[in-house]
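Participant: Each chain, written out:
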Amino acid sequence: MSTADTVEGRDTVAGPGRSPAPRRRRRGGGQRQSGAGWLFVTPTLVVLGLFLVVPILMALWVSFTDWSGRGNPFSGGVGFVGADNYKALLAEPGLSRQDFMISLRNTFYYVLGVVPLQTLLALGLAIVVNQRFLKGRTFFRTAFYFPSVVSSVAISLVFLFLFTGTGAVNQFLGVFGISGPTWFSDPRGLIHLVGQGLGLWSIDSPPSALADTQVMSLSVWDWFSGPSVALSAIMLQVVWTTAGTFMLMFLAALQDLPTEVEEAALVDGANAWQRFRAVTLPHLRPTMLLVITLGVIGTWQVFDQMYVMTQGGPAKTTLTPAYLSYTAAFRQQQWGQGAAMAFLLFVLIFVLTSFQRFVLRDKDEAARKRAERAQKRAAKKAVTA
Amino acid sequence: MTRTTRSAALALTLAGALALSACGGGGFEEDGGSSSPASASGPVDLKMLIASSGDAETDAVKSAADAWAKKTGNTVTVTVASDMNQQLAQGFASGKPADVFYMDASRFADYAKNGSLYAYADQLSDNADFYEPLRQTFTYDGKQYCAPKDFSTLALQINTDAWSKAGLTDADVPTTWEQLEAVSKKLTTKGQAGLGIGVGIDRLGAFVVQNGGWWLSDDGAKATANTPAVTDALDYVQRNVKAGNFQMSNQLDSGWGGEAFGTKKSAMTIEGNWIKGAVKNDYPDLKYKTVELPAGPSGKGTLQFTQCWGVAADSKAQAQAVDLVKALTTVDQQMAFADAFGVMPSRQSAADAYKTKYPEDAPFIAGGEYGHGPINAAGMEQVVADLNSKLENFGGANLPQVLGGFDTNAGAALGQ
Numbered sequence: 001m002s003t004a005d006t007v008e009g010r011d012t013v014a015g016p017g018r019s020p021a022p023r024r025r026r027r028g029g030g031q032r033q034s035g036a037g038w039l040f041v042t043p044t045l046v047v048l049g050l051f052l053v054v055p056i057l058m059a060l061w062v063s064f065t066d067w068s069g070r071g072n073p074f075s076g077g078v079g080f081v082g083a084d085n086y087k088a089l090l091a092e093p094g095l096s097r098q099d100f101m102i103s104l105r106n107t108f109y110y111v112l113g114v115v116p117l118q119t120l121l122a123l124g125l126a127i128v129v130n131q132r133f134l135k136g137r138t139f140f141r142t143a144f145y146f147p148s149v150v151s152s153v154a155i156s157l158v159f160l161f162l163f164t165g166t167g168a169v170n171q172f173l174g175v176f177g178i179s180g181p182t183w184f185s186d187p188r189g190l191i192h193l194v195g196q197g198l199g200l201w202s203i204d205s206p207p208s209a210l211a212d213t214q215v216m217s218l219s220v221w222d223w224f225s226g227p228s229v230a231l232s233a234i235m236l237q238v239v240w241t242t243a244g245t246f247m248l249m250f251l252a253a254l255q256d257l258p259t260e261v262e263e264a265a266l267v268d269g270a271n272a273w274q275r276f277r278a279v280t281l282p283h284l285r286p287t288m289l290l291v292i293t294l295g296v297i298g299t300w301q302v303f304d305q306m307y308v309m310t311q312g313g314p315a316k317t318t319l320t321p322a323y324l325s326y327t328a329a330f331r332q333q334q335w336g337q338g339a340a341m342a343f344l345l346f347v348l349i350f351v352l353t354s355f356q357r358f359v360l361r362d363k364d365e366a367a368r369k370r371a372e373r374a375q376k377r378a379a380k381k382a383v384t385a
Numbered sequence: 386m387t388r389t390t391r392s393a394a395l396a397l398t399l400a401g402a403l404a405l406s407a408c409g410g411g412g413f414e415e416d417g418g419s420s421s422p423a424s425a426s427g428p429v430d431l432k433m434l435i436a437s438s439g440d441a442e443t444d445a446v447k448s449a450a451d452a453w454a455k456k457t458g459n460t461v462t463v464t465v466a467s468d469m470n471q472q473l474a475q476g477f478a479s480g481k482p483a484d485v486f487y488m489d490a491s492r493f494a495d496y497a498k499n500g501s502l503y504a505y506a507d508q509l510s511d512n513a514d515f516y517e518p519l520r521q522t523f524t525y526d527g528k529q530y531c532a533p534k535d536f537s538t539l540a541l542q543i544n545t546d547a548w549s550k551a552g553l554t555d556a557d558v559p560t561t562w563e564q565l566e567a568v569s570k571k572l573t574t575k576g577q578a579g580l581g582i583g584v585g586i587d588r589l590g591a592f593v594v595q596n597g598g599w600w601l602s603d604d605g606a607k608a609t610a611n612t613p614a615v616t617d618a619l620d621y622v623q624r625n626v627k628a629g630n631f632q633m634s635n636q637l638d639s640g641w642g643g644e645a646f647g648t649k650k651s652a653m654t655i656e657g658n659w660i661k662g663a664v665k666n667d668y669p670d671l672k673y674k675t676v677e678l679p680a681g682p683s684g685k686g687t688l689q690f691t692q693c694w695g696v697a698a699d700s701k702a703q704a705q706a707v708d709l710v711k712a713l714t715t716v717d718q719q720m721a722f723a724d725a726f727g728v729m730p731s732r733q734s735a736a737d738a739y740k741t742k743y744p745e746d747a748p749f750i751a752g753g754e755y756g757h758g759p760i761n762a763a764g765m766e767q768v769v770a771d772l773n774s775k776l777e778n779f780g781g782a783n784l785p786q787v788l789g790g791f792d793t794n795a796g797a798a799l800g801q
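Chains as they are written, first to last, in my numbering: chain U, 1 to 385; chain G, 386 to 801.
No lab work stands behind these hints: they were computed from the structure. Hints should not be assumed to be uniformly reliable.
Below, in silico cross-link-like pairs of lysine to any residue (SDA-like), each with a Cα-Cα straight-line distance of 25 Å or less [unchecked claim]:
1) G:711 x G:437
2) G:775 x U:160
3) G:498 x U:76
4) G:481 x U:65
Model the full assembly from the supplied sequences, consistent with the hints where possible.
Facilitator: Written as structure tokens, this is what we have:
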């Protein structure tokens, strides 16, 4: 606002009597425009401020208090407890830390499974429906996108029925003589199961070296459980529902790829795989970054599947930080801890997203910038010398 | 992208609760003591929040509230909560909660502790008429807060077809643990367990009570799960689960005991009077009868589940709210609720009328005398949830370790 004011002031000095130069008139128009601009964004700013910034700040305050959920969290009766809530989640051995660590472990495996799978599936689908010679392209595009439009609560309920012990999935598996697990009530971890299958260990009596070593309230054995069977079923569902949305993004990027470039590659004698590796993929880099970023953010925040289907069970293997935060606040009346979890989750997502941006950055661009900086430094050195 | 929308909705709800609370006024220091009730003058509009099991319950509560409103010249707005915990929490945070609401026994202590509840039980002239264990359930810090709305208890359901097929007669109905084990063994066939038990301490706890134990000490100040009274009871169940006589509902691919019972995966189950409606709706052809749970080494025991009529400490019309609760807990009104949606009256003086009308429910009513309420100490929600999750794989659970862990966690929660 202050910049606009100064510019405005200078304009009044110029006075209305003098005929303004064309350049200045354009600038005057700019000022009026910026005023109008502020006017137009005011409703959004107010709404964002009122429903986003203020609540976030309030939640931040709550995360430092022992507010019990009754009355105003800013009133005198609410005690400021410093970082106690964060300490209970990170530093003090106890149930709160154990649950929070379980939720982080679960979600870690969840993200590790869902993000690559949904990105690959989305890319694959996009390439398929981008084929110029595919019959019924519109039908397939709609069909693949459809799960993303349906309410996730409705889909969750359908999956509950599909994955019951005697549900369609297990009956299908039964055709091949496989007796499927009781999906949503099976807490066994996949890594544990694979290890047992290979004869490395038995789940009922885990090796004591792993089971007796505690790291952050959880045994090493538990840390390396892998996603439980129940969580894996949820992962399948999420991949299936979200791939459509990301397919749309890849599709848009693919259609942006100029035909000439591809034809040029063709002329140069590149085969299909080389064209995909050297032409299509580099072109998709920004979209890839977007899809993976959105995927990582969305998966770390996963909530409604747990709320609808499992409530964190079986044996806490589908507990996630978002759901845990909800139960801490609304069920246990530990609002401070609930808010603290939300902020820890925010920090985690922020760090991971930044890291992933760093990994996926344009390396040529980064190298060029580095070279430029080095050149400048060298020039400076030369001048001082 | 529905997930993002959902998370946003959650964030908004949280934010909304906070924003509302910021607007809500103080009134924070006064606790929910039994000081003289805040009484608004003139006709008041009471807000009531209920968690309804269906239209029958909603209509019955509404018409009862309307009848009181008409008689007293006030109005009552009844709201059915879609997520009771969340809506209650939002109300208390805003400083403008519903005046009257259902308060679940397992949630009660947390709200009593943070001062959200108004203690009015001493204003009920015939308070002693409510079952003693129920009143105990709604007592926090030596003070009874609210009037029990109704209650239910666990009893033993027997599939009579399976029973006679196994060559058992009425004389064989188990009254001791040994007999329960024996008939379970006889009833177990391929594809059918003798006794199906729902997962978690809300069923297993009945055995603990029958063995004279409980998870906490009587005053709720100490954790006592890792004591012989508790471990022996769970050992008994675990031994039978391992032998195949008993099966937990998740081993039978069922969400609860009633489902396993209805689909004939178990010949007996331990459930409350809600199983009547479930069988009527989902398994109408099932023939069964209900008997009292067998007695353990320390006599009869069962679990009670109950809710009370909560009145908010922040209500502006507590006198009227209490008056409404009095009207809702008369013997006649409780019988009307029983007729409408099958709950059991919480008053002893209504027991005879109820037993005459619903003789098949006598085993449930009997539990009112010797049943035990849920764990109702403050801050225990998380600890209980942890215990339940560790007992999910009950047959393979390392009981001393699980119960010892419970005692440690409960000790930390109770010490706060």
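Participant: Hints first: check each against the structure and report whether it holds.
Facilitator: Verification of the hints:
The hinted pair formed by residue 711 of chain G and residue 437 of chain G meets the criterion: a straight-line CA distance of about 20 Å does not exceed 25 Å. Our distance criterion of 25 Å between C-alpha atoms is met by residue 775 of chain G and residue 160 of chain U, whose separation comes to about 23 Å. Distance hint between residue 498 of chain G and residue 76 of chain U is fulfilled; the C-alpha atoms sit about 17 Å from each other, no more than 25 Å. Restraint check for residue 481 of chain G and residue 65 of chain U: the C-alpha separation of about 22 Å stays at or below 25 Å, so the hint holds.
Of the numbered hints stated above, none is contradicted by the structure.
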